[in-house]
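Make the full structure from the sequences, and use the hints.
4 protein chains.
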Amino acid sequence: MIIKFTKNVKESQIKHIENILKNQNFTTSYIHGDIYKLLIVIGDTSQLETKRLNVYDFVEDVINIQKPYKESSVKDRKKVKVGKVTFNDNNIVLIAGPCSIEDEESMDLLVPKLKEHNTSIIRGGAFKPRTSPYSFQGIGKVGLDILYQISHKYKIPVVSEITDVRDIDLFVKNVDIIQVGARNMQNYVLLEELGKTNKPILLKRGFVNTIEELLLSAEYILANGNQNVILCERGIRTFENQTRSTLDISAIPVLKKLTNLPVIVDPSHAAGHWEYVESLSLAAIAAGADGLMIEVHENPEFALSDGQQSLKPDKYFALVDKIKLVAQAINKKL
Amino acid sequence: MIIKFTKNVKESQIKHIENILKNQNFTTSYIHGDIYKLLIVIGDTSQLETKRLNVYDFVEDVINIQKPYKESSVKDRKKVKVGKVTFNDNNIVLIAGPCSIEDEESMDLLVPKLKEHNTSIIRGGAFKPRTSPYSFQGIGKVGLDILYQISHKYKIPVVSEITDVRDIDLFVKNVDIIQVGARNMQNYVLLEELGKTNKPILLKRGFVNTIEELLLSAEYILANGNQNVILCERGIRTFENQTRSTLDISAIPVLKKLTNLPVIVDPSHAAGHWEYVESLSLAAIAAGADGLMIEVHENPEFALSDGQQSLKPDKYFALVDKIKLVAQAINKKL
Amino acid sequence: MIIKFTKNVKESQIKHIENILKNQNFTTSYIHGDIYKLLIVIGDTSQLETKRLNVYDFVEDVINIQKPYKESSVKDRKKVKVGKVTFNDNNIVLIAGPCSIEDEESMDLLVPKLKEHNTSIIRGGAFKPRTSPYSFQGIGKVGLDILYQISHKYKIPVVSEITDVRDIDLFVKNVDIIQVGARNMQNYVLLEELGKTNKPILLKRGFVNTIEELLLSAEYILANGNQNVILCERGIRTFENQTRSTLDISAIPVLKKLTNLPVIVDPSHAAGHWEYVESLSLAAIAAGADGLMIEVHENPEFALSDGQQSLKPDKYFALVDKIKLVAQAINKKL
Amino acid sequence: MIIKFTKNVKESQIKHIENILKNQNFTTSYIHGDIYKLLIVIGDTSQLETKRLNVYDFVEDVINIQKPYKESSVKDRKKVKVGKVTFNDNNIVLIAGPCSIEDEESMDLLVPKLKEHNTSIIRGGAFKPRTSPYSFQGIGKVGLDILYQISHKYKIPVVSEITDVRDIDLFVKNVDIIQVGARNMQNYVLLEELGKTNKPILLKRGFVNTIEELLLSAEYILANGNQNVILCERGIRTFENQTRSTLDISAIPVLKKLTNLPVIVDPSHAAGHWEYVESLSLAAIAAGADGLMIEVHENPEFALSDGQQSLKPDKYFALVDKIKLVAQAINKKL
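Chains as they are written, first to last, in my numbering: chain A, 1 to 334; chain B, 1 to 334; chain C, 1 to 334; chain D, 1 to 334.
Since the hints were derived computationally from the structure, they do not count as laboratory data.
Mixed in with the good hints there might be a few duds.
What the hints assert, rightly or not - The calculated lysine to aspartate or glutamate pairs, modelled on EDC-like cross-linking and capped at a C-alpha distance of 16 Å, are:
| # | chain 1 | residue 1 | chain 2 | residue 2 |
| --- | --- | --- | --- | --- |
| 1 | D | Lys-37 | B | Glu-301 |
| 2 | B | Lys-67 | D | Glu-275 |
| 3 | B | Lys-51 | A | Glu-192 |
| 4 | A | Lys-51 | B | Glu-301 |
| 5 | A | Lys-257 | D | Glu-275 |
| 6 | A | Lys-37 | C | Asp-44 |
| 7 | D | Lys-51 | C | Asp-44 |
| 8 | A | Lys-256 | D | Glu-275 |
As structure tokens, this is what we get:
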């Protein structure tokens, strides 16, 4: 930590700060240049409320030079296993399925086809967090039952989004991966409780959250003991509105540098329109993503949510073929 | 709702859409201009998944012309009462107190002084949602006990932030207003359950949420029966980082136009630095806010959270004097 | 400047950096903590291409602790005089007039009334930078002639926006203040040439520019010799679209802290809708702005540009009365 | 255009609006639903100041349903030729070179190597628009001379950025493509004058500009007669600051849908750090970009500008090999 004083700071004021820090067992080093006066604080200040020192008139700035996150930045690539599927193994994992589960019949129609086309995991929303209380909110518990049936019938892992901390047991029983959606990325109570399970957690970046905040949210899970975290970039909110969100493609290499966790991309929510899903999917693979989560629906025009961003199966299968070629080009298995 | 077709749309395609809508009991009116082909849909489409129609190649755009929120846009100004305090009564309500409650002694020192200086409600965080799992997380339940004591001892209502849906009973018992923080503005499960109580709810705008989303979150509470909602603007995330957030001062007149709920401002979190709190407070009052929530701490340099943005009592009292003058200038009581 | 090395940096690598800096006559101080290894660079690094050092694998971060701007941060409040009007003199200066000048008759009708109602400077666009090449682009040189006539007939200074560096002489002759619009805030060639005149310059913040960038653009003018710079906040681009831009009200106290230049606000462009102009105007005054620039038009429904954000004269005069009261409340003259 | 009236609009008011529009030769169709009252305006309203009608109290909203741009949205893919290089021909064009030209020797060293490695065009800045007046501003006219020499010596086209409308002749003589930088994307005077030349123009998206604004800026050039426009996405400003800008990867498919102009990407400025250039380059190709502009420097640690984002030649050559593979995977020639 570095404290920059104002030009007219008094010696007694610097001493005051040094004493506060010494009482907390930090070593300090004072540097008096022509242009600025600095106090370098040596020791682990990552958990210090450093900004608090800004309260002094004579402190111009407090600069944190330590990264605030730790567990997730260990070096070796962390492989996350879900049944026979492994994330972060120099491969591409495809997750696909409808935005919302509607009924068992439609899943029975769709899932076998997806499985035939390189899809390793099935997605389906049962509880849908919707901006408006008057929108369709998902079919709830029944949806989880359907997912459970499907998973066993077709021997394929399933993922679904949790919205209520009180539902953790229900999810642990019924799904293979628990998804934390963008709106709950900073629902710390939920993250902590999920950290106490050992289910793989698919943690989506909030559409207004920084990469650093995503890593800190991951730490809420990791620090509570659950090491099976998969990060998911799904677009951030910007001034551009041709797409629903702006896919932050750079987040992939940045996360790959800062953390050893697997990183996947949700091109459907980022684009908000099926026409752009192909380009974003291929871009994500080329940029180094470990997988994709794509919305597929037999009749998107009648989907109960997000139809406009869902691919029809044929379009999805054509995309899978292209994904294979790009994956090959960068030496990854699909 | 208006559907704009692409130029090369076929008549059969337009018919197809018309039929879908007729089956849902909507009346449509087709307008064929030189430049565009439109289908005007008459009837209440506010709850329709309109975007879904974008799935058709021949649909260029679907334009919603209805506002998606309803309950909160009724006309007469809604007064929210908390003990003897009334919000939205052509007056200014001041809420003040520490970011986090630390112990009873410091509250005993601070609260009587605040009460003497036009402060009608005391704030204090017990459960603190923090970006990092390693930061101070509040003193928890004990903090609520202290608030309860303080409230009764000094006969002044108290407000505190809830972070866990399982704590609702605890909050209903101990505080007079339950605050939903920025990070939980879209925690719909929490909003729904709070809608089933009749406690006043202080709903803060998420730092990345639009005004429309704030109103829709308010509807989650209103639609469940609880009409005592107070909205709070606290700054949004932008590219500017001289301040912690960018206070969206325009949100005040916009909300005053769109809803009848009271609107207050939290200048402390918006600014992120005590030096700017005065300017933002006076601006909020001049722009028409119904109140302010300001962080005050006896020794901000030792505050367990957010010290840098807390005012020392003397500075706060001086600010209250200025607020009085500005309130007078625009014909409001403090 | 502080250089933070990666954990596995070698001693020879640190030496390499020290040598580069010594060759540029900087003194360095190496700090080897348990957690990080830092090189503190003493001396004026404000003009160094510091980020360049990031090119080394073993450099984790380069932190600039000097502010990059200088001239505009001198301490004493800089008064800018335009005829008998003085900015930054513990007073409020009102600038008003139509977005675009349309003809002399309408100015003859409007200007005397504005002058009677505490307006000290008349605004009017002659050259209009428009997003679309097919929109009305202003009446051009004729508009400047009209402004010149009006200015002399009614003895009131005038301000108009320049869009072409080749027009500087024309503007110097015809107007009292030259306005640089938001889109040209980083047109450095224009700023440099304006810096060589001694006309007062009204420099508007770009809608996507930081406060730091605004100050650096001001330096382009100041460093070339022209000290008569008035800064103008007019809203920034954010995700919120209920208003045309988001007025960054915090920019007022931040600029007042960082620079001694006068700071005014344009509530009309920020709001983009006349209904919100009053609230934003009063807020800006309460937050400490030195003046306001407001669009007023006799028949906004027929204005050739930006009618929707223009106030009719009666509404403007009513606003002026309110501005007087708020100015009084904070001890400023109008 | 659609005008939505408030609920309590009077018939006479609707008539008033209809008359205004009839006087401008528009046909209107009034739709009176239970929930809303609309006036549909038929005819080409794309150049109308539609927002102006918002000035009426009884007009709730004015919705434009026409796209404001035209020339650039013609259907057939527009090929832009620069010497023997063709953009938009189902191929990838690589542009590379230093951020700033420093001297002829370093170009002599670098250019032949770049040419050998699939680079078809050389970039080099002579006039540098810099945020601070105290930063290195480029070597100016001498730089253009060097570019001209290099271009002829190695028979390879060159591109450089223009910053002053008065320099157009100079650029026309010396370079093969004139670049308009992000900060000048809305310098309409410059765009108009460039539209009167027939040089290929590389138009970079402003870091805060929407895709629609980029297209409208392109129209300033196209409408003045110059059809040789190449669009360049280079990242937009968002709240995320791990990278210099956020590369808007979605802009590629969106632009490919809305316009027939070639679209390239500048990964160097978007990333702001050389480490991320590879991922962004491959992603851009996979997403459908027609080319890349990449900064390459022999000794980035001594570059006079933007060294941190420049690739060393070896890294660039390795990247070119990977680009080839990804281009192949999506059926494009490099």
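Holds or violated: Lys-37 of chain D with Glu-301 of chain B, Cα cutoff 16 Å?
-> The hint is violated at about 58 Å.
Do the alpha carbons of Lys-256 of chain A and Glu-275 of chain D lie within 16 Å of each other, as the hint requires?
-> Distance ~11 Å between Lys-256 of chain A and Glu-275 of chain D Cα, so the pair holds.
Are Lys-257 of chain A and Glu-275 of chain D close enough, with their CA atoms no more than 16 Å apart?
-> holds (9 Å)
Is the hinted pair Lys-51 of chain A and Glu-301 of chain B satisfied, with a Cα-Cα distance of at most 16 Å?
-> Holds: Lys-51 of chain A and Glu-301 of chain B sit about 9 Å apart, inside 16 Å.
Taking 16 Å as the top limit, are the C-alpha atoms of Lys-37 of chain A and Asp-44 of chain C close enough?
-> Given pair Lys-37 of chain A, Asp-44 of chain C holds - Cα atoms ~13 Å apart, limit 16 Å.
Does Glu-192 of chain A lie within 16 Å of Lys-51 of chain B when you go C-alpha to C-alpha?
-> violated (35 Å)
Restraint check for Lys-51 of chain D with Asp-44 of chain C, where alpha carbons must lie at most 16 Å apart | violated (51 Å)
Within a Cα-Cα threshold of 16 Å, do Lys-67 of chain B and Glu-275 of chain D meet the stated pairing?
-> Distance ~46 Å between Lys-67 of chain B and Glu-275 of chain D Cα, so the pair is violated.
The structure fails hints 1, 2, 3 and 7 (numbered hints given earlier, in ascending order).
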